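Q: Those protein sequences? They're chains A and B, same order as listed.
Sequential numbering of the first sequence, starting at 1, is according to the numbering used here.
Sequential numbering of the second sequence, starting at 1, is according to the numbering used here.
What you were told as hints is all true, and nothing was included just to trick you.
Simulated coverage check for chain B against chain A, where a stretch passes if three residues somewhere in it have a Cβ under 8 Å from a Cβ of chain A:
#, stretch
1, 9 to 20
2, 35 to 41
3, 352 to 366
Listed next, the in silico DSBU-like pairs over lysine-lysine satisfying Cα-Cα at most 30 Å (straight line):
#, chain 1, residue 1, chain 2, residue 2
4, A, K69, B, K398
5, A, K69, B, K353
6, B, K325, B, K126
It is worth saying that the hints were derived from the structure and are not from the lab.
Every value quoted in this text rests on a predicted model; they were computed, and no experiment measured them.
Glycine included, each C-beta is placed from N, C-alpha and C at the ideal position.
So you can see what is in the structure, the chains are spelled out below.
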Amino acid sequence: MPERTELHLIETAASGDIESFGELCQRYYAAMIAVAYTVLSDHQLAEDAAQESFARALVRIKSLKERAKFAPWLAAICRNVAKDMVAAKAKRINAGDLSNTVMNDNDDENIRAVRRAIEQLPSPAKELIVLRYYNNLSYEQICSLLGISRATINGRLSRAKRKMAAYLRKNGFPENRL
Amino acid sequence: MKRQEEYKNLDEMISRAIGRDKTQFDFDKWKANHKKEIQIYESQTTNQKVSRSVWIFEIGRIIMKSRISKIAAAAVIIIAILTAIHFSGSPIEGIAWADVVRPILTADTVVFHARSVEGENLPITKIMNMGTQRVRSEILSADKKTVQVIVITDFDTSRMLTLNPKQKIAALIDLKDLPEKPENFVEIMRNMITELQHDPNVSIESLGEKEIDGRMAQGLQATEPEGELIIWADSQTSLPIRIEQKWHQIHYEFTDFEFDVVLDESLFSMDIPEGYSTMPKAMLSLTSATEQDLVETLRSWAEVIRDGVFPKDFSTQAYMDDVPKIRKLASQHSKEQNLEYGLKMARGFVFFKLLKAENDWHYVGENVKLGDANSPVCWYKPTGSQTYRVIYGDLTVKDVAPEDLPE
Numbered sequence: 001m002p003e004r005t006e007l008h009l010i011e012t013a014a015s016g017d018i019e020s021f022g023e024l025c026q027r028y029y030a031a032m033i034a035v036a037y038t039v040l041s042d043h044q045l046a047e048d049a050a051q052e053s054f055a056r057a058l059v060r061i062k063s064l065k066e067r068a069k070f071a072p073w074l075a076a077i078c079r080n081v082a083k084d085m086v087a088a089k090a091k092r093i094n095a096g097d098l099s100n101t102v103m104n105d106n107d108d109e110n111i112r113a114v115r116r117a118i119e120q121l122p123s124p125a126k127e128l129i130v131l132r133y134y135n136n137l138s139y140e141q142i143c144s145l146l147g148i149s150r151a152t153i154n155g156r157l158s159r160a161k162r163k164m165a166a167y168l169r170k171n172g173f174p175e176n177r178l
Numbered sequence: 001m002k003r004q005e006e007y008k009n010l011d012e013m014i015s016r017a018i019g020r021d022k023t024q025f026d027f028d029k030w031k032a033n034h035k036k037e038i039q040i041y042e043s044q045t046t047n048q049k050v051s052r053s054v055w056i057f058e059i060g061r062i063i064m065k066s067r068i069s070k071i072a073a074a075a076v077i078i079i080a081i082l083t084a085i086h087f088s089g090s091p092i093e094g095i096a097w098a099d100v101v102r103p104i105l106t107a108d109t110v111v112f113h114a115r116s117v118e119g120e121n122l123p124i125t126k127i128m129n130m131g132t133q134r135v136r137s138e139i140l141s142a143d144k145k146t147v148q149v150i151v152i153t154d155f156d157t158s159r160m161l162t163l164n165p166k167q168k169i170a171a172l173i174d175l176k177d178l179p180e181k182p183e184n185f186v187e188i189m190r191n192m193i194t195e196l197q198h199d200p201n202v203s204i205e206s207l208g209e210k211e212i213d214g215r216m217a218q219g220l221q222a223t224e225p226e227g228e229l230i231i232w233a234d235s236q237t238s239l240p241i242r243i244e245q246k247w248h249q250i251h252y253e254f255t256d257f258e259f260d261v262v263l264d265e266s267l268f269s270m271d272i273p274e275g276y277s278t279m280p281k282a283m284l285s286l287t288s289a290t291e292q293d294l295v296e297t298l299r300s301w302a303e304v305i306r307d308g309v310f311p312k313d314f315s316t317q318a319y320m321d322d323v324p325k326i327r328k329l330a331s332q333h334s335k336e337q338n339l340e341y342g343l344k345m346a347r348g349f350v351f352f353k354l355l356k357a358e359n360d361w362h363y364v365g366e367n368v369k370l371g372d373a374n375s376p377v378c379w380y381k382p383t384g385s386q387t388y389r390v391i392y393g394d395l396t397v398k399d400v401a402p403e404d405l406p407e
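Hey, can you work out the whole structure from these sequences and the hints?
A: Below you can see the structure in the form of structure tokens.
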């Protein structure tokens with residue numbers, strides 16, 4: 001059986017076929033976790049946020065007018081869910097501080113420095129870095145998710161990494177590791 | 001400076017720092033944990049537009065400055081309020097909420113009054129809904145004796161007619177080609193009921209019984225993250241008597257509800273009455289908004305509303321936050337000036353709303369002063385363009401290559 005196109009899945013999901021919606025969830029789960037992780041800096045919370053995003057999307061998918069914009073629409077929902085979680089749990093987690101929340105004893109100092117360098121990026125750049133490296137999403141997936149071209153992604157990734165490198169140099173990171 | 005491909009070590013370090021194996025999604029488990037959402041999904045008819053209220057609300061905000069805006073906003077707010085009272089899962093002793101809901105869900109016509117409670121002697125808006133596609137709003141003087149402005153909206157044809165009976169000025173506004181076609185309020189209301197009935201974030205409590213407008217009424221207070229509303233329903237008939245809403249900066253009160261009253265067809269005519277002069281069509285067009293409209297909106301917002309500083313965000317929410325200032329300013333100008341200003345703001349917002357994800361909009365204008373030629377306020381990439389359009393604090397616009405965008 002040939003793989004169904006995404007647009008077909010969206011159309012049928014909007015027509016009431018929940019299994020089509022499930023297949024969309026399968027396709028976007030990793031991406032949504034990455035989107036949420038950018039905000040939450042916690043993998044378990046990011047998974048929860050991704051699943052909650054699907055719940056919110058399910059009750060609204062029939063109102064989605066631009067079916068071709070499903071991915072950016074879903075990502076926007078996911079960002080909002082993650083932000084809501086930050087607001088709701090502000091006292092329990094220090095979201096947005098990736099450098100602290102993801103530490104573990106086995107990390108070497110360079111890895112920690114890289115995390116701090118990611119953390120200081122502006123939100124859009126940070127999200128792009130996380131999308132690309134967290135779950136190793138393809139350029140095609142990122143293009144679909146953010147609704148921008150590959151050239152734009154390349155340009156932004158390049159600038160984000162330049163900023164990271166500048167930050168790392170400034171903080172004594174070994175030049176030969178860049 | 002290193003080129004991108006020379007950051008291979010950094011690539012590896014980033015992967016080590018945050019990389020993970022992909023996690024599998026268990027849809028069956030997810031379904032078991034989200035039965036309520038599935039129930040809502042399955043109860044919706046195909047192509048319901050449950051979130052269109054957002055669009056309607058935003059259009060209401062877009063033209064908030066003008067007299068039209070007060071009607072539009074009020075009309076939208078009442079929908080949110082009317083829908084929010086339909087919580088079948090929250091029975092209040094002494095009153096059957098299903099009975100409160102019934103007329104709102106089934107009435108062919110609904111009439112009510114809306115007024116802001118933020119000041120003294122503010123106009124009252126009388127809103128009349130005919131079927132599901134037509135709404136007539138009349139802004140009355142505080143004593144309800146004089147009709148100051150009339151707005152008739154036909155959702156079938158996406159047109160809005162405003163009439164100023166005293167000055168005999170008419171304005172026919174074409175709402176076609178806007179980001180989303182307006183939907184009728186009743187449909188939105190019924191769809192919202194479905195959602196709100198299952199919303200665990202809304203808490204409701206009884207306020208008991210007291211006399212409201214000369215009648216004994218049962219009170220219900222619903223609290224949600226963005227505001228609260230209080231509904232007083234007649235203890236005997238269960239019909240709504242008064243609804244109070246606080247939503248962000250807006251506090252409204254709705255009274256004098258009538259259901260299934262006979263409304264004359266002529267009240268909803270989109271024909272410009274004889275003896276009225278019409279406003280220039282170009283000024284009223286919301287469909288051909290340009291970058292220059294965006295610039296003018298930014299100028300007006302900073303110069304007129306915010307004492308020379310750009311807003312923290314270019315959003316309807318940021319605009320709503322400025323509503324108290326806008327109201328004060330509006331009281332100092334004529335209706336025509338307010339209408340012109342409101343439409344100017346609307347065109348800039350329409351241009352903004354028509355931007356798509358590929359246009360890569362960014363706003364960085366918070367605290368930037370009007371006239372600051374060195375600070376960018378916002379930028380976007382026109383469709384098909386290789387470069388971005390960057391608008392600076394002095395409202396000059398420059399073409400900028402992606403790699404030269406402000407950090």
